[in-house]
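S.K.: Sequence:
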Amino acid sequence: MKANKKTAPKPATGQTMSVDDAFGVAARAWHENRLADAAQICRQIQAIRPDHQGVKHLNLAMQHGVHGLIFTAIGLADPDLYSIGDYSYGVPQPVLHNQPQEPARLSIGNFCTIAHHVEIILGAYHREDTYTIFPFSVPQFGTLFASTKDITDYSTTRGGVTIGHDVWIGAGARILSGVKIGTGAVIAAGSVVSRDVGDYEIWMGNPAQFRRRRFDEAVSDRLIRIRWWDWPKDLIERHAREIMLGTPEALDALEHGHEEWLGQASAQVVAPFEMVRGRSGLIRMRRGAGWQEGRPTWVVLHGSLGSIATVQGFEPHLSDANLLFVDLPGCGASTAPQEMSVNGFVDELLPALLTAAPSGFGLLGVSFGGSVSLEIARRTPLCKQVVLLDTPFSAAKLWHNHAFLRGAIAARPDDRHLRSFALEIYGVTPTAAVERDYWPLLNGVTQPVTVVTGNVPMHPPRNMPPVPCCLDEDDLARLAAQGCRVERIAGSHDLINENPAAVAAVVRSVKLEA
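For the sequence shown, position 334 (counting from the first letter as 1) is numbered 333 according to numbering that gives the first Met the number 0, and the numbering increases by one without interruption.
Rather than coming from a laboratory, the hints here were simulated on the basis of the structure.
Owing to the predicted nature of the structure, the values given are computational and were not obtained by experimental measurement.
Check each hint, because a few of them may be wrong.
As the list claims (entries may be wrong) - FRET-style restraints, in silico, Cβ to Cβ:
1. I47 / V269: 30 to 38 Å
2. P439 / R212: 26 to 34 Å
3. D195 / V218: 32 to 40 Å
4. A35 / D215: 27 to 35 Å
5. P439 / D20: 42 to 50 Å
Said to hold, decoys possible - Mimicking BS3-like on lysine-lysine, the simulated pairs with C-alpha atoms at most 30 Å apart in a straight line are:
6. K148 / K396
7. K55 / K232
8. K55 / K179
9. K510 / K383
10. K232 / K179
11. K179 / K396
Note that beta-carbon positions come from the ideal geometry of N, C-alpha and C, so glycine has one too.
Using the sequences and the hints, build the whole thing.
M.R.: Rendered as structure tokens:
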């Protein structure tokens with residue numbers, strides 16, 4: 000039996016069924032109070048998919064006598080379509096209008112409360128700026144309107160829906176595609192939500208309108224920083240009474256819980272690593288062995304789904320500078336970002352960098368780490384120089400990166416962080432890729448930017464390895480036209496490990512003041 004959703008346990012007949020179908024059988028057995036049957040099927044699924052979110056919550060329901068409600072992860076168990084957080088309950092009705100080239104998923108955070116008859120629209124949209132609202136070229140029509148099949152830019156989706164943590168959605172509400180509902184928000188019964196809702200805001204009506212904030216901005220910011228919904232269950236239970244209050248004393252107690260959470264994470268890290276506080280969590284760092292005060296400092300940010308371990312081999316090649324290796328949020332031992340975006344990564348990371356290198360630094364960004372580097376440079380003058388190692392700017396071009404991420408998803412189908420990264424950062428789903436454009440990150444960067452790429456071309460698509468570079472000739476010309484210094488060295492995408500000496504030579508040529 001393969002560890003994906005295509006195959007699953009054999010029933011008594013000897014036939015096979017998909018994991019999704021098997022989980023459906025388990026859920027029906029639970030509804031019918033056939034708990035032994037449900038538990039047996041759950042054990043079989045967990046043998047091949049130990050992190051299956053639906054099975055986790057079905058087991059919780061059986062073990063703790065949960066009744067009268069359904070965890071959302073039980074009702075919406077397909078990880079290709081849904082990312083459902085822990086302990087959220089209530090099963091909305093998704094209306095799927097996904098297009099193969101324009102994926103739309105539903106993401107729901109932890110501890111949400113969803114009432115009955117809630118409808119969530121995924122992907123639907125009819126354009127209003129053309130002479131027809133009729134979507135002639137959508138794939139669902141097959142060859143019915145064959146003359147329009149080459150029209151691939153006819154947008155028919157506003158995208159998916161993202162719901163934060165601890166959100167309450169009232170009965171009969173309808174959430175339209177492309178909407179983001181912030182953490183702690185309340186959507187009143189019967190509301191039709193077509194616009195983004197901020198953290199701890201209350202919206203109601205058709206169309207839904209902002210009515211008021213649940214708390215003032217200072218309290219809301221403290222709650223977002225405390226992020227109790229991400230704590231381990233035992234810590235949440237110890238503070239559940241304070242969470243259920245709304246007093247200043249209770250909020251102070253939650254601050255202590257936050258400190259305990261960070262302390263538990265810090266205790267897992269030993270020298271030479273250190274944990275430095277970010278916006279709401281912890282960022283793992285390692286200073287180079289030859290660290291000396293007064294020397295220039297380069298912060299090294301790894302690429303997609305990497306960690307300090309994937310770039311620290313570079314250290315011997317730049318021994319005349321201070322190197323600060325950093326796990327990006329959600330990678331290695333760093334706390335996950337609260338928002339899966341470049342901005343979300345920098346929100347969490349920047350306070351830690353300013354603590355670790357208060358006198359200023361250069362940024363050496365590897366692949367996606369370069370995108371994060373540019374946003375950091377936009378936000379702080381303490382960043383003096385930026386060196387990008389084959390950082391992509393147009394994600395839709397990256398056939399090889401899409402192949403890598405799809406392979407990773409197939410191997411880890413229940414890794415919600417991985418799926419969110421693949422879709423939100425690179426626009427990748429198991430069947431589709433959509434554009435993620437990072438050119439705007441160059442806007443507002445006043446520091447010098449050096450771009451380094453290799454000599455293994457991106458096109459044409461072919462077998463790997465070597466892994467092609469993420470910048471083509473058009474990209475390099477555009478970067479040069481925007482004032483970036485462009486250097487090409489021998490190697491493929493993984494330049495920091497394949498040709499560290501040449502990378503070090505480029506970094507040394509950049510004038511970085513101590």
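S.K.: Are the hints correct? Go through all of them and say.
M.R.: Verification of the hints:
Range check, I47 to V269: about 34 Å between beta-carbon atoms, so the 30 to 38 Å window is met. Hint check: P439 to R212, Cβ distance near 30 Å, so the stated range 26 to 34 Å holds. In this structure the hint that D195 and V218 lie 32 to 40 Å apart at CB is violated, the actual value being about 21 Å. Separated by about 51 Å at the C-beta atoms, A35 and D215 break the suggested range of 27 to 35 Å.
Checked against the hint of 42 to 50 Å, the pair P439 and D20 passes, with Cβ atoms roughly 44 Å apart. The straight-line distance between the Cα atoms of K148 and K396 is roughly 21 Å, inside the 30 Å bound, and the hint therefore holds. Proximity of K55 to K232 is assessed by CA-CA distance (about 14 Å); at most 30 Å being required, the pair is judged to hold. Proposed proximity of K55 and K179 is supported: the alpha carbons are some 26 Å apart, at most 30 Å.
For a cut-off of 30 Å, the pair hint linking K510 to K383 stands: about 9 Å separates their Cα positions. A distance of roughly 26 Å separates the Cα atoms of K232 and K179; the hinted pair therefore holds under the 30 Å criterion. A threshold of 30 Å between alpha carbons decides the hint, and for K179 with K396 the separation of about 27 Å falls inside it, so the pair holds.
Checked against the numbered hints above, the structure violates hints 3 and 4; every other hint is satisfied.
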